[in-house]
Amino acid sequence: MPHVLTTCPYCGCGCGLYLQVEGRRLLGTTASAGHPVGQGRLCAKGWHAHELATSGTRLRTPLVRRGSSLQQASWEEALSLVGERLTAIKAESGGAAIGVLASARATNEENYLLAKLARSALGTNNVDFSARLDALPGLFDLPKYRHLSLCTAGLDDIAAADLVFLWQTDPVEEHPAAAARVLRAAEAGVPVVEVTARRGQLGELAQISLAPRPGSELQLAAGLLHVALSKTEPAEGDSLAATVANCTPDQTEAATDVPASDVIRAGEALAAADKPLVIYTRGASLGPQGADTLMALSAFGKASEADDSWCSLLWLSSYCNFQGARDMGVLPYFLAGYQPVSEETTRAKFAEAWGAALPSEAGLPSWEMLGRVRALFVMGDDPVSSLPDVAATRQALGNTDFLVVQDIFLTPTAEMAHVVLPGASFAEKDGTFTNTERRVQRVRRAADPPGEARADWEIICDLSGRLGRPMDYASPAQVMAEIAELVPIYSEISYQRLDEDWGVRWSLDGAVSAERAGFGGEGEEEGPASVSQPAAPTVDEEYPFVLVADHSLGAWAADKLVVNAVGLRRQQGADRGEQLPELWMSRADCQKGELREGTRVRVRARTGEMDAAVHVSDAVHAGAVVLSAVMREAAASVLPPGADSETGVPVLRPVAVSVEKV
Amino acid sequence: MSQPAAYVITRPRLAEWVGKLIGRAQVIAPRRAQGGDVAYDIVETPDQVAWDYSTSINPLKRFLFPQGDELLRWQRAGDDGLQLEPTYDETDRIFLAVRSCDLSGVLFLDRVFSREPEDVYYMTRRQHSTLISLTCSEPVEDCFCVCADAGPFLETGFDLQLTALSDDYLVEVGTEKGQELINQAEGLFAPAPDELIQARRDLEKEVEARFAEHKSYFAAALRKVTFDRVPDELWEEMADRCLECGGCSFVCPTCTCFLTADWQSEGEGHRDRLWDSCLYSCYTLEASGHNPRAQRRDRVKARFFHKLSYQFAKELETHGCVGCGRCIATCLGSNDMPTVTARIRRGAI
Ligand code: SF4
Ligand code: SF4
Ligand code: SF4
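Here the protein sequences line up with chains A and B, keeping their order.
Anchor point for the first sequence: position 343 equals 343 in our numbering, and the numbering is continuous, going up by one each time.
Anchor point for the second sequence: position 171 equals 171 in our numbering, and the numbering is continuous, going up by one each time.
Honestly, the hints are just simulated from the structure, not real lab data.
Every residue gets a Cβ at the ideal spot worked out from N, C-alpha and C, and that includes glycine.
Keep in mind that a hint or two might mislead.
[Unchecked claim] Output of the computed footprint for chain A on chain B, the stretches with three or more beta carbons under 8 Å from beta carbons of chain A: (1) 5-14; (2) 37-46; (3) 234-248; (4) 260-271; (5) 325-338.
Start from the sequences and build out the full structure, keeping to the hints where you can.
Dropping the structure here:
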């Protein structure tokens, strides 16, 4: 069929699109009118999706490092080298000396197969993907919190909601399919509450705009809960009300700079709402006190008039198959379907199916794996671009004895590899992606991979054979059949069913109980245990501004899937070449400091300094200065990567800075 | 031709005819894709034509002015020479059962691309294409061709125009090229009896009355846009409702913005042209970094000035909207044509 239905390879919304094909050539992209996510619409990334496949910068042959350079090699040479080196390292140092990073952008089948290869052929549970940080994995690893990093609501709940919070997220930048729904809700009169240091485009339509001092979002959430809960009769032994008892509007104003009257307005709107919906993304989870902030947000439903059937949390992931990578067991502690590696019966079930004994020790998460493993196999992941501490990541990769990267472009991680294997783009292979609302959808082959590139599932099967564990699949459909056998939450998925409909959402209840899936159920915590002091840095005369790393700003413009797409890179403003990092600053602060658009400034913090170019913005609130998180390498001395004290997960905390003309 | 000729063909014979056309050229017709959406697409067998469709998700320009199109290839020849070779597409194409609005869209593109200097790539494809339209007897929720003077029945512009009338199709001939197709199909067509021609006239009247509810208020909007009487705040509010997806440009049968990009690898390369959108912030970005339309408001205004002002309507004979309604379904924000004309008429969001 010349119009091939497939799933958008960019954000986690998962809009449906058609690739227009003539012969085996990709001519363009069209939105699907009937698709339940896109509903006839796409954002610019979707409209340009074919461009990443037809890009002239695709990897076309395997590359092997000879001396300091990567040089073309045959598949035979590359794969036998990988097979031999991994076998040798396993023999010398054990499976735990090998790490495997799979991908929030590879298909479910590929993620499943690579996790299988890691556990059955390499004997390691060091299986992860670096983008997983986005969802606050420290929380995710504890079943009782897991609902916080999973989309329990769906995109269409935006249309059903009667109050929408945009919590530290800009859907226009990050999740346009969600933005389209919020825009329609706002036009229909649904109040939108925006919580951010930088107003997004939808902020113009928001009824209430709250600008907490960066780092005080938890205190704002607690303040809203305080107001909302004071409107209802406290239930007996209600620990939540006790937790936020001191978070009065005045206290909240003191902690966050948000006027008490606004706290009351938003809190009362929450109390009165029947269907409040909090939309949040990595902006909230990667913030300081992210864990507690998410806990506080999870209590919003309870503080409103919503009944138990309404889910008030809408987590949106930034990658097309973020959800699927986790579902497929690309996690150090779980086999596919969140079945713990520590459980003997689970291991036995997989061991029998896979015909190999499996390691029982939990593996290392990505940010701990690097630097500790001797060999690293990376498929479609790019830790240099995903992990917060760029310098440390590069150093760790540089010290790795053997680094293999399988990808479609020469990413910063691939540039450091010993062997590079060219994979297929979403347009050149069959498979499935699972969107942010757990909708499993087909990805369909519309063209051939360029040059000698091969579908990733074929590469994994080939390699597994060389590691002594032959994998014999005729197609990804067969892989999915095996997944359905072993993974309860995917037990109802088959290509046939997916072809009959617009994909299938795996359910949190019904046939597969929430508990079996490891979500929610008993012990689900409501709200944070306590509300600590704000993590907002103290500003003073010397350092009068709070600098915050914004995860939605410019993230796409720096993404390899955008940079390598010829029309899209221009649309996203990625064409402007090397420039100073842009520092977004409020008009008022710029006037005070006599700074104009483009003025070169020095940003000083207690830890170091950097230069930036001013962008005068009406979106940034006075007192805050905003830098895109993709600039974190250039900004490392000012915004030092640290670890969340609660979870150990690396984060970028806001810091107090001064800004002066150079 | 003095008197436009009309023929009749029965449904079974129609399929036979389509089979013959498929043998002769690339036939592009409405076709149901996976999932059930209908798209203009290449058909390989007559039963793939979705005769009962309402609208297609894509306009015909995808085949005449593709989203990504190679313009020329070059190769290094010898030490200092370059060998350039333009890539013209001379595939014979028959567009079958296309909606009147979409055919009107092609006529609009003809006027744009035939202006001097003529666009050889487009015109080559056009010279090799035949247009067979299908009149509409059921208004579709989103479209408003009547207001755009682009349907539901056409007077001219088609090579052949088909109208479904109970058991048969009435076939009106618009051009020599159309007549040729009839002549080549020995025995499949019969001259249309007068009753059938009358039935078609009656149907047109009846349908136009039903279509009249589907309105876009062009007249008032045209005046206000032409004389710049739309307040800036209104453009500003519309700009807040544009999420810069480009979809309105891509689905619109009359939009023609493009940019070019070059590819090269050792000793060879090619130049492509790619669709662009006037709503993209980089659309007017100049190499100096200066952007005369840096504000989204200015871009929204420019788009609708282009679509709705007398200046452009005069140059291109009509305003730049054929009423297909696609932008209603595809706008990520809420700046589709009927909504925008209504806002402009009312003067407020
Ligand atoms: S909203 Fe997300 S899934 Fe939809 S087209 Fe845009 S990037 Fe693709
Ligand atoms: S402006 Fe909209 S309705 Fe008019 S022709 Fe273009 S897409 Fe169709
Ligand atoms: S379709 Fe709507 S949102 Fe997209 S560019 Fe056009 S006006 Fe803007």
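Here's how the hints hold up against the structure:
Only residues whose beta carbon comes within less than 8 Å of a beta carbon in chain A count, and the segment 5-14 of chain B has 0; fewer than three means the coverage is violated. Remark: the segment 37-46 of chain B is confirmed as covered by chain A, as 4 of its residues place a Cβ nearer than 8 Å to a Cβ of that chain, reaching the required three. Counting residues of the segment 234-248 of chain B whose beta-carbon sits less than 8 Å from any beta-carbon of chain A gives 7, enough to reach three: the coverage restraint holds. With a threshold of 8 Å between beta carbons, the proposed coverage of the segment 260-271 of chain B by chain A holds, since 4 of its residues qualify and at least three are required.
Given a C-beta distance limit of less than 8 Å, the hint that chain A covers the segment 325-338 of chain B holds, as 6 residues qualify and 3 suffice.
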